[in-house]
Amino acid sequence: MINLLRRLGSRALSFLKRMGHMLMFLLNSIYYTFVPPFKFRLLLKQIRFFGNKSMIVILLTGSFTGMVMALQIYHTLNKFGSEALLGPAVALSLIRELGPVLSALMVTGRAGSALTAEIGIMRISEQIDALVSMALNPMRYLIVPNIIAAIIVFPLLAAIFDVIGIYGGYIIAVKLLGLSEGTYFSQIDIFVEWKDVKIGLYKSISFGIIVSWISCYKGYFTEETGFGAEGVSRSTTDAVVMSSVLILIWDYFLGSVLL
Amino acid sequence: MIEIIGLEKSFNGQKVLNGINLRIEHGEIMAVIGRSGGGKSVLLKNIIGILKPDKGSIIIDGVDITKLRGREMDKTRQKLGVLFQGGALFDSMTAYENVAFPLKEKIKIGKKALQEKVSKALEDVGLKGMEDKYPSEMSGGMRKRVALARTLITEPRIVLFDEPTTGLDPILLNSTHKLIRCTHETHGFTGIVISHEIPEIFDISDKVAFLYRGAIEEVGTPDEIKRSSNPMVRQFLTGSSEGPVELLCEKETRR
Ligand SMILES: Nc1ncnc2c1ncn2[C@@H]1O[C@H](COP(=O)(O)OP(=O)(O)OP(=O)(O)O)[C@@H](O)[C@H]1O
Ligand SMILES: [Mg+2]
Numbered sequence: 001m002i003n004l005l006r007r008l009g010s011r012a013l014s015f016l017k018r019m020g021h022m023l024m025f026l027l028n029s030i031y032y033t034f035v036p037p038f039k040f041r042l043l044l045k046q047i048r049f050f051g052n053k054s055m056i057v058i059l060l061t062g063s064f065t066g067m068v069m070a071l072q073i074y075h076t077l078n079k080f081g082s083e084a085l086l087g088p089a090v091a092l093s094l095i096r097e098l099g100p101v102l103s104a105l106m107v108t109g110r111a112g113s114a115l116t117a118e119i120g121i122m123r124i125s126e127q128i129d130a131l132v133s134m135a136l137n138p139m140r141y142l143i144v145p146n147i148i149a150a151i152i153v154f155p156l157l158a159a160i161f162d163v164i165g166i167y168g169g170y171i172i173a174v175k176l177l178g179l180s181e182g183t184y185f186s187q188i189d190i191f192v193e194w195k196d197v198k199i200g201l202y203k204s205i206s207f208g209i210i211v212s213w214i215s216c217y218k219g220y221f222t223e224e225t226g227f228g229a230e231g232v233s234r235s236t237t238d239a240v241v242m243s244s245v246l247i248l249i250w251d252y253f254l255g256s257v258l259l
Numbered sequence: 260m261i262e263i264i265g266l267e268k269s270f271n272g273q274k275v276l277n278g279i280n281l282r283i284e285h286g287e288i289m290a291v292i293g294r295s296g297g298g299k300s301v302l303l304k305n306i307i308g309i310l311k312p313d314k315g316s317i318i319i320d321g322v323d324i325t326k327l328r329g330r331e332m333d334k335t336r337q338k339l340g341v342l343f344q345g346g347a348l349f350d351s352m353t354a355y356e357n358v359a360f361p362l363k364e365k366i367k368i369g370k371k372a373l374q375e376k377v378s379k380a381l382e383d384v385g386l387k388g389m390e391d392k393y394p395s396e397m398s399g400g401m402r403k404r405v406a407l408a409r410t411l412i413t414e415p416r417i418v419l420f421d422e423p424t425t426g427l428d429p430i431l432l433n434s435t436h437k438l439i440r441c442t443h444e445t446h447g448f449t450g451i452v453i454s455h456e457i458p459e460i461f462d463i464s465d466k467v468a469f470l471y472r473g474a475i476e477e478v479g480t481p482d483e484i485k486r487s488s489n490p491m492v493r494q495f496l497t498g499s500s501e502g503p504v505e506l507l508c509e510k511e512t513r514r
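In order, the protein sequences belong to chains A and B. Per this note's numbering, residue 1 is the first one in the first sequence, and the count goes up by one each step. Per this note's numbering, residue 260 is the first one in the second sequence, and the count goes up by one each step.
Bound conformation, chain A alone (with noise of 0.2 Å):
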């Protein structure tokens, strides 16, 4: 009993610790996002990174979310002869929920999987320990142009999604279900407000900072999971795995704190 008492304590208490560590490791590098120097051209690289990674996955996963709730709501809502309500419904639950919440998944898998390898290798090959060796600090180089970047470019790829989804929803509901096409979007213009957009933009800002944090966390420690390659594999798969349970926790946390 003891003993079992005793186990459980000293996993709680290694649980907390690499809580702690992760959380410094955050915090650290957000210091270093504010003290100069600041490296824009790796930013830029970043930005591309990210960008160019996920875009077309980010137009696939899109357009064919729109085109099935479009298919999906105009069923519904044909039972109660509201079908002009089908275009809110659809850019409404793009806008505010999965947008954001979908986009932000395909780039853990596209990007912040790439990302958490890239950094991995970085450090068994002791690339790492060549940056501290000549005084330049890692976490200025390669930590802090990610996470900006992902806080820049998640709210955009968030956006494309909106968009690519909407229009994906409309080919469905203009032309498949012959839906007029004024009634689509003048609904829309309707009901989406200011707050919608802006509670899918701080999601999508929050989804940044988590997926690059982890994503740069398990890369950067890689070995803490194991050694060579091996464990660069696990500490990939630990990110993506990490990253997409924390954004649909924290996607429902503020959902129901920003309702």
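Because the hints were derived from the structure by calculation, they are not lab data. Certain hints may be false.
Not the full set, but computed from the structure, chain B residues with beta-carbon under 7 Å of chain A [to be verified]: (1) ILE307; (2) ILE309; (3) ASP333; (4) GLN337; (5) VAL341; (6) PHE343; (7) GLY345; (8) ALA347; (9) PHE349; (10) PRO361; (11) GLU364.
Beta carbons: idealized from backbone N, C-alpha and C, even for Gly.
Given the structure of chain A, go ahead and fit chain B with the ligands onto it with the hints provided.
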């Protein structure tokens, strides 16, 4: 001057360094030889401050760096140039960018001057015309030499070389040694060279230290080491598999 006193380091209970004492005078090149897996690279990483020792101190120019943290340590690192065993080239950068990187980040320098210096550095290591190659497109020996150029380009006052010539052909080996010697003559750095090149390493070093079982078994000028009566040193220099030095396979089975 670098002074290492009673340095100890273990990994998960395995004692790698067990009380290292070593003194490298200003402007001197110290060669460190010893068994593979004997802890030479670990010693080097302790000097850079990438690994923290369990015990002991490392005094560089009068400052005990084992007590320094973050930014204070960076002040000492400004003086350092390090050639890592694996090269540690940035694989997102070409040969040119790799060599230019420390110069660009650390010293304000004009574009023209930078270009000249980097080209010269690459030429010195025999890699003229390879500027645009990425590390993944280079051979192991080429990577080593790019890394060497990157290490020397900032003209550091203290240079740590981890096996600068391993994997090079005999001609490149000699020209690399010559480059190290020449650079030493012009800039007069204090150096530590980890090497398996026996006897070539004796030609470029002022002193040689033999690392064995986590401690410095013997230090002396190359001549003293060559004439040493210590049976371990003798066996190591001749490379014989018979003698007092324990072989890897015995160690392996005991683990
Ligand atoms: N980060 C680490 N974690 C655990 N053990 C390590 C670590 N780094 C080195 N070791 C262990 O320390 C010992 C010495 O390693 P080191 O790399 O210093 O050898 P070396 O003398 O440089 O050998 P070589 O000449 O082959 O490069 C090895 O047994 C190695 O397993
Ligand atoms: Mg080594």
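Outcome of the hint check:
no.	hint	in the structure
1	ILE307	5 Å, holds
2	ILE309	5 Å, holds
3	ASP333	4 Å, holds
4	GLN337	5 Å, holds
5	VAL341	4 Å, holds
6	PHE343	5 Å, holds
7	GLY345	6 Å, holds
8	ALA347	4 Å, holds
9	PHE349	6 Å, holds
10	PRO361	5 Å, holds
11	GLU364	6 Å, holds
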